[in-house]
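With the sequences and hints as input, model every part of the structure.
Residue-level listing of the chains:
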Amino acid sequence: MTERTLTSFSLRRKVTGSTLIIYLALIGVLLIGWVLVAVDGGNFLTLETVVGIQQRSAALGIVAVGQTLAILVGSLDLSVAYLISLTSLVAAEIMAGQDSGILPAVAAVIAVSALIGLVNGLVITRLHVHAFIATLGVALIIKGVVDHLYDGPSGSVPESFQRLGYDRLGPVPVSALLWAAVAVAAWFLLRRTRLGYRIYAVGGDEEVARLSGVRTGRIIVATHVLCSICAGIAGLLLAGRLGAGAPTVGTDGGYDLESIAAVVLGGTALAGGKGGVPGTVGGVLLLAVLDSVFNQLEVNAFFKDVVRGVVIVAAVAVYARRTVRRRSR
Amino acid sequence: MRALRSMGPIFLVLAVLLVLIAAANPFFLEPAGFLAFVKRAAPLVILAAGQYFVIVSGEFDLSVGSLVTVQVVVAARLIDGEESATWWVLALLIVIGLLVGLVNGVITTGLRVPSFITTLGMMLVLSGAVFLWTGGAPRGALSETFRMFGRKDLGAVPWSVLILLVMGGAAIMLMRSDFGKRLMATGDNERAAGLSGVRVNRTRILAFVISGLAAAVAGILLGGFAGVSAQVGQGLEFQAITAVVLGGVALGGGRGSVVAAMAGALTLEALFTLLNLYGISGALEYAVQGVIIIAAVAAGAVRLPFKRVARA
Numbered sequence: 001m002t003e004r005t006l007t008s009f010s011l012r013r014k015v016t017g018s019t020l021i022i023y024l025a026l027i028g029v030l031l032i033g034w035v036l037v038a039v040d041g042g043n044f045l046t047l048e049t050v051v052g053i054q055q056r057s058a059a060l061g062i063v064a065v066g067q068t069l070a071i072l073v074g075s076l077d078l079s080v081a082y083l084i085s086l087t088s089l090v091a092a093e094i095m096a097g098q099d100s101g102i103l104p105a106v107a108a109v110i111a112v113s114a115l116i117g118l119v120n121g122l123v124i125t126r127l128h129v130h131a132f133i134a135t136l137g138v139a140l141i142i143k144g145v146v147d148h149l150y151d152g153p154s155g156s157v158p159e160s161f162q163r164l165g166y167d168r169l170g171p172v173p174v175s176a177l178l179w180a181a182v183a184v185a186a187w188f189l190l191r192r193t194r195l196g197y198r199i200y201a202v203g204g205d206e207e208v209a210r211l212s213g214v215r216t217g218r219i220i221v222a223t224h225v226l227c228s229i230c231a232g233i234a235g236l237l238l239a240g241r242l243g244a245g246a247p248t249v250g251t252d253g254g255y256d257l258e259s260i261a262a263v264v265l266g267g268t269a270l271a272g273g274k275g276g277v278p279g280t281v282g283g284v285l286l287l288a289v290l291d292s293v294f295n296q297l298e299v300n301a302f303f304k305d306v307v308r309g310v311v312i313v314a315a316v317a318v319y320a321r322r323t324v325r326r327r328s329r
Numbered sequence: 330m331r332a333l334r335s336m337g338p339i340f341l342v343l344a345v346l347l348v349l350i351a352a353a354n355p356f357f358l359e360p361a362g363f364l365a366f367v368k369r370a371a372p373l374v375i376l377a378a379g380q381y382f383v384i385v386s387g388e389f390d391l392s393v394g395s396l397v398t399v400q401v402v403v404a405a406r407l408i409d410g411e412e413s414a415t416w417w418v419l420a421l422l423i424v425i426g427l428l429v430g431l432v433n434g435v436i437t438t439g440l441r442v443p444s445f446i447t448t449l450g451m452m453l454v455l456s457g458a459v460f461l462w463t464g465g466a467p468r469g470a471l472s473e474t475f476r477m478f479g480r481k482d483l484g485a486v487p488w489s490v491l492i493l494l495v496m497g498g499a500a501i502m503l504m505r506s507d508f509g510k511r512l513m514a515t516g517d518n519e520r521a522a523g524l525s526g527v528r529v530n531r532t533r534i535l536a537f538v539i540s541g542l543a544a545a546v547a548g549i550l551l552g553g554f555a556g557v558s559a560q561v562g563q564g565l566e567f568q569a570i571t572a573v574v575l576g577g578v579a580l581g582g583g584r585g586s587v588v589a590a591m592a593g594a595l596t597l598e599a600l601f602t603l604l605n606l607y608g609i610s611g612a613l614e615y616a617v618q619g620v621i622i623i624a625a626v627a628a629g630a631v632r633l634p635f636k637r638v639a640r641a
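Chains as they are written, first to last, in the working numbering: chain A, 1 to 329; chain B, 330 to 641.
The set of hints was computed from the structure by calculation and includes no laboratory data.
Here the structure is a predicted model, which means the values were calculated and not measured.
Sample of chain A residues facing chain B (criterion: CB under 8 Å; computed from the structure):
#, residue
1, Val123
2, Ala134
3, Leu136
4, Ile141
5, Leu257
6, Leu270
7, Asn300
8, Val310
9, Ile312
10, Val313
11, Ala317
Counterexamples of contact, computed for chain A against chain B with all Cβ distances above 12 Å:
#, residue
12, Ile32
13, Gly97
14, Arg191
Every residue, glycine too, gets a C-beta built ideally from N, C-alpha and C.
Written as C-alpha cells, this is what we have:
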C-alpha cells in the first residue's frame, strides 16, 4: 500500500513540472496572440475563435490522447492517420445515410480499430518488431487496401450523426465534449487503475516491470488497442464533420506525426514512462491556439509550419534541460 | 560464407528478388537493363547509407525526405535554366545538406532533444521555409548540366551509378576507420563509449552531417532523374529507415553493417520493380510492401533469439 502511494506521489511530482510549463506557455501564447490580433485591429477572444479552437483541436486531441498511452508504454503508433481514413470510410459506408445505421457503424468502427490495435500490439510483442517498423508496416497495409478500394469520398453520414461534428452546447462544441470525455477516461485509466500503473511501469523500464511480475506483453497490446480505438473515435468524428468517409482525411490532417508532436509538446517523454494526459491536452490546445492566431493574422500557411517546428523542438529542449538539472542535483 | 552469414539474410532475399525479376524480364540480365535498375535505386541507396550512420549511433533522421525536396526546389529556383549557375548551386546544395545535418546533430546532442523530435521539427521547418520562399509551388527549371548527374551516362555507365559507387565506397571506408568504430561504440553503449574516451556528441553530430550530405547528393540525383516537383522527397525518410532496418540494422544503434543497409535499399527497390512487373501496381503495392517489411524484420528478430537485446 505504502509503495503504491509512494509511486503515485513521485509520478505526480514529475508530471506537474512539465504540465505546468505547457499551461503557462498556453496562457502566454493566448496573451501574445490577443495583443497581436488587437494591434492588427481584430478581436481575438470572440465566441467564434474560442469555438474554432475547440473544434480544430477535437480530432487531433482524441488521437493524441491515444498516442499518449502508446508513448507512455514506451511504444509509438504511426498507423493512426491511415486508420482514421479507414474508420471514416467504414462509418460512412455502414451508415449509408440511415439513422438506423449509426449504432452498427459505431460498433464496427470500434471493432475494426481494436483489431488494428491488436495487430500492432501483437506484431510488436510476439514478433519482436520495433514499434516504429511494426506500425509503419501496418500503416502501409491499411493505405494499400484503402487506396485500392476507394478513389474519393464514399458513403454517407445521416444528418443526426453530422451534429456530432457541428452542434454545440453554448460555447462548447459537442466534439470538444467528446474529446474531454476521452481525455478524462484516459486520465482515470492512467491514474486510478492497475492497468494505468502498469503502463507507467512498463514504459519506465520494461525489464524491471517484467521482473516485478508484470506481463509486459499484455500491457503493450492493451495500450495499442486503446490507442487505435481513440483513432477510430476520431475517424467517426471526422466522418460526421465531412458527411462522408474519405480515404485521405487522416493523412491530410497529418495525424500520425502531429499527434506524436502534440504528446511530446505536452511533456511526455518519447522514451516512455513519464508524462500524462493533462500535458497532452495542453499541447494540443497550444497548437490549436497558435493556428488560430496565425489564421486571424492571415499568416502564410508555410510560415506556420516553420513556427510549429521551432516551437516543438524548443519545448522539448526546455523539458530536457529541466531533467538534466534535476538529475545533477 | 561466414562473412555472408554474419552480414545477414538480406543478401539472400535480394538475390531471390533479382532472380525473380530476371525471370520475368530477361532484359534485366543485360548490363544496360541492370544498370538502369541500379540507376533508379541510386538515390534511395545513398539515402539509406546516410541514414545508417545516424541509426547505428542510436538516433533517427526524419528530415531527409523534406531535405531532398528542399534541394530540388532550391536548385530549380536558383538555376532557373541558367547553365552557368549550375556549379555554384551544386556547391550551395552540398553546404545546405551539411548545415542541416549539423543543426540536427547539435540540437540533438547539445540540447538533449530526442532526434525523432529534432528531425521532425526540422522536417516542418524545411518544407515550410522552402515553400514560403517560392510561394507555395516549385518555380524555375534545372539546367542540362545539373540533370546530367541523375539521367545521363558517362560512356556506358550512368553518372548516378558512379556517384553511388563513390559514396558507397566512402561509407564502407568510414565504417572501417576509427570514426566507424567510435560510432558503433556510441550506438551500442553511450556511457561505456564515453568512459573509454569517445567524444560521443561529436561522433553523433558527424553522423547527422553525413546523413545531410547523403540527402543532398540524393536530392541532386533525384532532381535530374525525376524532375522538379513539390512531392519529390515525400516519404523518402520512411523508405530510407525501412531500407536500413531491412538490412538487419537495429533501431537503437550499435548493430549492423553499412553494406547490408545499402543492400536493404536495393532490396526495397527490387521489390517495387518486381511488384510492377507482376502487375501489382498502384495501391496494393503499399500493402504488399507493409507485409514484407514486417515479415522481414520479424524473421530477423526471431532467427537470432540470443543476439536480440530487449526492444529499444
